[in-house]
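K.L.:
Here are the chains, one letter per residue:
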Amino acid sequence: MLVNLDPNDGRPLYLQIIDEVRRAIVVGTLRAEDPLPSVRELAAELVVNPRTVSQAYQELEREGIVYVQRGQGTFVSPAVRRGGSERRRSLARAVAKRALLDARRNGLGVGELVEAIEKAAAEEGEHDE
Amino acid sequence: MTDVTLHATPRERDVMREQVRFIALALRRETLVLAVVLALVTIRIVFAIVRHCAASWFDGDPSLAITIASFLFPFAVWRGQKRFGPAFLWTLPVDRGRLALARVFAGWVWLMAALVVVAAWRWGLALVAGLSPIMFTFAGATAMYLFGSAWILGLRHPLRWLIGATGGFLLLGNLVEALGRTPSGEWRIVTWSSALRWAVYGPYGLRTLLSSHGIFHAAENAAATWRTLPGFAQWITTTLSWLGAGLLALWLATLRHRERRRY
Amino acid sequence: MNEAFAVATHGLSVRYGRETALHAVDLRVPEGAVYILIGANGAGKSTAMKVLLNLVRPGEGSAEVFGLDTASHGPAVRAQIGYIPEQHEHDYGWMTGAQLMRHVAAHYPAWDSEYAAHLVDTLGVRADKKASTLSKGEARRLQFVLALAHRPPLLLLDEPTDGLDPMARNRTLAQLAEHLADTPTTIVIATHHVHEVESLADHVGVLRGGRLVAQMTRDDVRTTVIRYRAEVPEGWRMPAELRVASARRSAIGREGEWTLIGDRADVTARLTAAGATIRDVAPLSLEDAALAFLAEEEAP
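Chains as they are written, first to last, in our numbering: chain A, 1 to 129; chain B, 1001 to 1263; chain C, 2001 to 2300.
Worth double-checking, as some hints may not be accurate.
[Stated by the list, open to error] With beta-carbon atoms standing in for the labels, derived distance ranges:
(1) A:Ala120 / C:Asp2266: 31 to 41 Å
(2) A:Ala116 / C:Arg2270: 45 to 55 Å
(3) C:Gly2017 / B:Gln1081: 18 to 28 Å
(4) C:Glu2060 / B:Thr1166: 50 to 60 Å
(5) C:Asp2266 / A:Asn8: 18 to 28 Å
[Claimed, not checked] One side only, chain C facing chain A, incomplete, derived with CB under 8 Å:
(6) Met2167
(7) Asn2170
(8) Leu2180
(9) Ser2199
(10) Leu2200
(11) Ser2285
(12) Leu2286
[To be verified] Straight-line C-alpha distance at most 25 Å; calculated DSS-like pairs for lysine-lysine:
(13) B:Lys1082 / C:Lys2129
(14) A:Lys119 / A:Lys97
(15) C:Lys2136 / B:Lys1082
(16) B:Lys1082 / C:Lys2130
Since the hints were derived computationally from the structure, they do not count as laboratory data. Glycine included, C-beta positions come from ideal geometry on N, C-alpha and C.
Go ahead and model the full structure; you've got the sequences and the hints to work with.
P.N.:
Structural data, given as structure tokens:
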């Protein structure tokens, strides 16, 4: 699992970690029962406060995305399926929010943005999976 | 209040022991120099004996040398050690005054060890080469070492003060020589101040401290002023007084490094 | 709720002759926090740390570490602290790294030899070389070992990454993160290179000219130091009551970007009420936020 943190991103670091885990699950690089890096490892790799990683893991556990095995570590829940619709929806929502922010900054309205997205998709010949 | 388990400070004896180790490590160069000097002098004497020359040049009185060396020894002990302002030494979890005293103690241990070695060497030579054995003044060395340590700890620029004091002393010495001595062999200038006279020539004076022969022995008419060794009681009183004075000077010097205490 | 503080200073002032190094500083570092003390050179960061170690006497005020007064409990306080000073040269340059470690270990009963060996290994410290022959980076890494090996409850790091090349910097900070995971520790990092340590931090304090102009959690920074981009009508003026850290106006003057310090909802409302149309609201990185505090003009 590759995680990149952006200090200029508005979200708190622990949220960024959570989103990265969710993304990895949706995309398929993290599957059910896969182990997550230990708090120690991830903190060292990202050079973040271990508490931040703990916070992220606890939140993920609360949402049922991961579970903690005493003495073994943290693992992805077996109930997680790649492409789970709920997860996909929340991911899409996050992407949409970012796009809207960008649009507003450029003075564009929602309708204009949606129209532009559809046109761009058609040009690139993208298909939904 | 805090939940944190606080770490302990080190035990006093561990600190002392570590300072002794530290000094042993720091003065390796000096130890080597001493060993080399002793070796060279031994060779020289052996040559002299083999050729049946008189090694009289060697048969002098080491008291002066020991006095001066002991006073200057703290310069080696504290070589390169920052004493004022932020220094690594003061970041250690030991009371600063006590840590300074521990360092002084460690230096003293090294000094005593060195004196024992030199004394034993001298006695050995005396037996082998027929030179007269002499007494070594450990107490005198200790007192001088204490004063020297107080000098270093109390002054930010001990070397400058030393050069200044030595210069002043030499000036005084010239003055003294110019003024001459009294008929009984004492320096005239010393007789001007009764306090000074008492400190040097009195029953508990400097001369008694550096007993057995004293630094003034060779310079005076022995018969007139110095007939016998001082009495034991006199010597003990002198020794304790001078040591006490040295310890006092040292304690005063460490006050400059004390940490504030509020009980 | 009375939060336990690892470090608390009360109206701390320190003067060096006529220069004021610190003025009425009230530091509050909660236990377990990673606190970045930001300030330009000479702003007083090093002095603050030296007061905690009782290397410098406070002119006024006092300081406590884990509830112990630093001036009257110097040795006890120092036993809780692992310190990396600003300068990398060690006083005992004639000692090798190994000898230094042994010397320091003798003064800290809590010294963990295995951990020290692990640190030497991970950070690539040359323990057989004399300290004075070490390069700046090697010397710094040795200082790291000496400071961390006794797992002190409080780490005071004065520009810890200064002198380290980028790879060593990353390795050292990663080691610090691991140390945090293994050891309950409070860390205070004094630095003006905020960028590389900001992901570790959860508290920040800004020193400007010896005064603590800001002290808050990272989350609070995110919600109070914000860059607003807005369209404004001709002749528009910023409302006087808002704290402006920095301002940029486009040449024609109709678009502006301001870094404002204040509660986001409140500031947004005031700006809008004053006639601005907010286009973008962006929180800042810790580094930019610190710059904002440092750039803020003194209130009249």
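K.L.:
A separate judgement is required for each hint: does it hold in the structure or not?
P.N.:
Do the hints match the structure? See the list:
| no. | hint | result |
| --- | --- | --- |
| 1 | A:Ala120 / C:Asp2266: 31 to 41 Å | holds, 39 Å |
| 2 | A:Ala116 / C:Arg2270: 45 to 55 Å | violated, 34 Å |
| 3 | C:Gly2017 / B:Gln1081: 18 to 28 Å | holds, 25 Å |
| 4 | C:Glu2060 / B:Thr1166: 50 to 60 Å | violated, 43 Å |
| 5 | C:Asp2266 / A:Asn8: 18 to 28 Å | holds, 24 Å |
| 6 | Met2167 | violated, 13 Å |
| 7 | Asn2170 | holds, 7 Å |
| 8 | Leu2180 | holds, 5 Å |
| 9 | Ser2199 | holds, 5 Å |
| 10 | Leu2200 | holds, 5 Å |
| 11 | Ser2285 | holds, 4 Å |
| 12 | Leu2286 | holds, 7 Å |
| 13 | B:Lys1082 / C:Lys2129 | holds, 22 Å |
| 14 | A:Lys119 / A:Lys97 | holds, 19 Å |
| 15 | C:Lys2136 / B:Lys1082 | holds, 21 Å |
| 16 | B:Lys1082 / C:Lys2130 | holds, 19 Å |
Hint compliance for this structure: hints 2, 4, 6 are broken, all remaining hints hold.
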